[in-house]
Amino acid sequence: MIGEVANGLRRNASMIISVILVSMISLFFLGSGLLAQREVSLAKGYWYDKVEVSIFLCTAQSTGVPSCASGKVTPAQRSQVKRDLDSMKPLVQEVYYESSDQAYARFKKQFKNSPYLSQISPDAMPSSYRVKLSDPKRYDDIVNAFSGAQGVEAVSDQHNVLNTFFRLLKVVSIGAVGLAVVMVICAILLITTTIRQVAFSRRRQVGIMRLVGASATVIYLPFVIETLLATLVGAALAIGLLWATVHYGIARLFNDHSGSGDLISVIGVGDVWSIAPWLLVGAFVLALVTAWITLRRYLKV
Amino acid sequence: MIRFEHVTKRYGASTAPAIDDVSMEVARGEFVFVVGASGSGKSTMMRLATREITATQGSVLVAGRELRDLPDRRVPALRREIGVVFQDFRLLEGKTVYQNVAFVLKVLGSKRHTVKQLVPETLELVGLEGKANRLPHELSGGEQQRVAIARAVVKKPPILLADEPTGNLDPETSRGIVTVLDRINKTNTTVVVATHDQSIVDDFKKRVLELKDGVLVRDEQQGGYLRDRRFDEGRGRRGSDAG
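Chains as they are written, first to last, in this note's numbering: chain A, 1 to 301; chain B, 1 to 243.
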């Protein structure tokens, strides 16, 4: 049996190699899609924990905002905002106050090389409340409660920025899965063609097996094993390719970014290993089902 | 062992039947020649018996099975009870004589020591001792056909079907092949030989079934190739091939 399989692989090398490559590419795209989805959920968990809702209070320069009609925020308005925030516990976990001067200092530090720095005065920097939520997903509650409150210029919604990023990843993952579907169809068609060709090249042998009363399983087995081997090799290569992409590409690109190492929480090599078994199972099922159906149709016992 | 009851087989709806209302029975341990010209339906009978094809009408019983009702998954079990030999040998070119014969047993899942015992035994039965390691292209036609016979009988089937086994062989070699088939028949194997080789039929004096245009026209014990044996003797044994 092992001899038969080895013989078959050697004689139909070019077809077998194309099955390996096509299954490699289809599973690579499938894996990319899965990784992109993992990245979305990872980054969501990471960022939503870090994100704060910032309630910016009015400055003297805040014009055209109805809630700032009375000019710079008054102490009374400010303590009203603070009281409202305190009343929203336990959703509101912690509240920090950042004064205009503190904001200016931080701004100066962040943009120390910017030519615009000289044009900004401490007065222009709004004071703000930084709110940390116990349930980050309910940021909308805070946004709704304080938008338009007296003395509040704006409630920053950092989630909007993040959501754009997440949407982008979603598109990437859907695109990858879409390509994977197309490639899987290619793989199925190619496996079908390959099996038919191999069956033709072995028609005498198969004929004798039928004639002496070999069961369908015995006749099909070499074909199924060859297909499984080729597809699993393809899957292994796809996993290797994903590993290389993550290890040399993504992980290095983002995580080695000088200074801001945790700019974006990114999937690592570990995530490749956790999707690898699924890719192998997928390849196994794909090969088994395709091979069996093809054999039932084209290789009558 | 093999029974045909009013069997008709048409390959196409509009064509004449390949065999037409044939009824016959071959008992266990018999040796039967099926004779007739090319296209008279000999091969169709063989293919019906192995369920390569199914009858259009009538019933075919082989080794206790009604083939019309036999589900596909039971066909392999039927074929394990039938050995088949063809005119063109159909050996696996890359395998030695031994491997060609052992292939059958391996495919059927025999144990290694069974293979080691049965293959040399069978090669001896067909007269190929000492040729086990030859490749098919190194053998003569007669030797190749002996390999094919060994392959057909190594699993010890109760039935052996041979479709024109001597079609590619000279008269001397043909007689050798039929002698081997006769020897196998003596081991209580039912043997059916489809042939249009007049000399072997006349030499071995077995039961003869004659087909003409798909119709069974003669069933004669110890028959000759032609219907009238006295007429045949008058013309000499090596007459022209009626096929």
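Since the hints were made in silico from the structure, they are not lab data.
Watch out, some of these pointers could steer you wrong.
Subject to a maximum C-alpha distance of 30 Å in a straight line, what follows is the list of computed DSSO-like cross-link-like pairs (lysine-lysine) [unchecked claim]: (1) A:300 to B:111; (2) B:186 to A:300; (3) B:156 to B:131; (4) A:170 to A:300; (5) B:156 to B:186; (6) A:300 to B:95; (7) A:108 to A:89; (8) A:137 to A:82; (9) B:156 to B:111; (10) B:212 to B:131; (11) B:116 to B:106; (12) B:156 to A:300.
Hint check:
1. At roughly 27 Å between alpha-carbon atoms, residue 300 (chain A) and residue 111 (chain B) fall within 30 Å of each other, so this suggested pair holds.
2. For the suggested pair residue 186 (chain B) and residue 300 (chain A), the alpha carbons sit about 35 Å apart, so the restraint of at most 30 Å is broken.
3. Restraint check: the Cα-Cα separation between residue 156 (chain B) and residue 131 (chain B) comes to about 21 Å, which is no more than 30 Å; the hinted pair holds.
4. Between residue 170 (chain A) and residue 300 (chain A) the CA atoms are separated by roughly 45 Å; this puts the pair beyond 30 Å, and the hint is violated.
5. Taking the CA atoms of residue 156 (chain B) and residue 186 (chain B), the gap is near 13 Å; set against the 30 Å cutoff, the hint holds.
6. Under the criterion of a C-alpha separation no larger than 30 Å, the hint pairing residue 300 (chain A) with residue 95 (chain B) is consistent with the structure, at around 24 Å.
7. Proposed proximity of residue 108 (chain A) and residue 89 (chain A) is contradicted: the alpha carbons are some 33 Å apart, above 30 Å.
8. As the CA atoms of residue 137 (chain A) and residue 82 (chain A) are separated by approximately 21 Å, the hinted pair is consistent with the 30 Å bound.
9. About 15 Å separates the Cα atoms of residue 156 (chain B) and residue 111 (chain B), which keeps this hinted pair within 30 Å; it holds.
10. Only pairs whose Cα atoms come within 30 Å are accepted, and residue 212 (chain B) paired with residue 131 (chain B) is rejected, the gap being roughly 40 Å.
11. For the proposed pair residue 116 (chain B) and residue 106 (chain B), the alpha carbon gap of about 11 Å is at most 30 Å, so the pair holds.
12. The suggested pairing of residue 156 (chain B) with residue 300 (chain A) holds, with an alpha-carbon distance near 25 Å, which does not exceed 30 Å.
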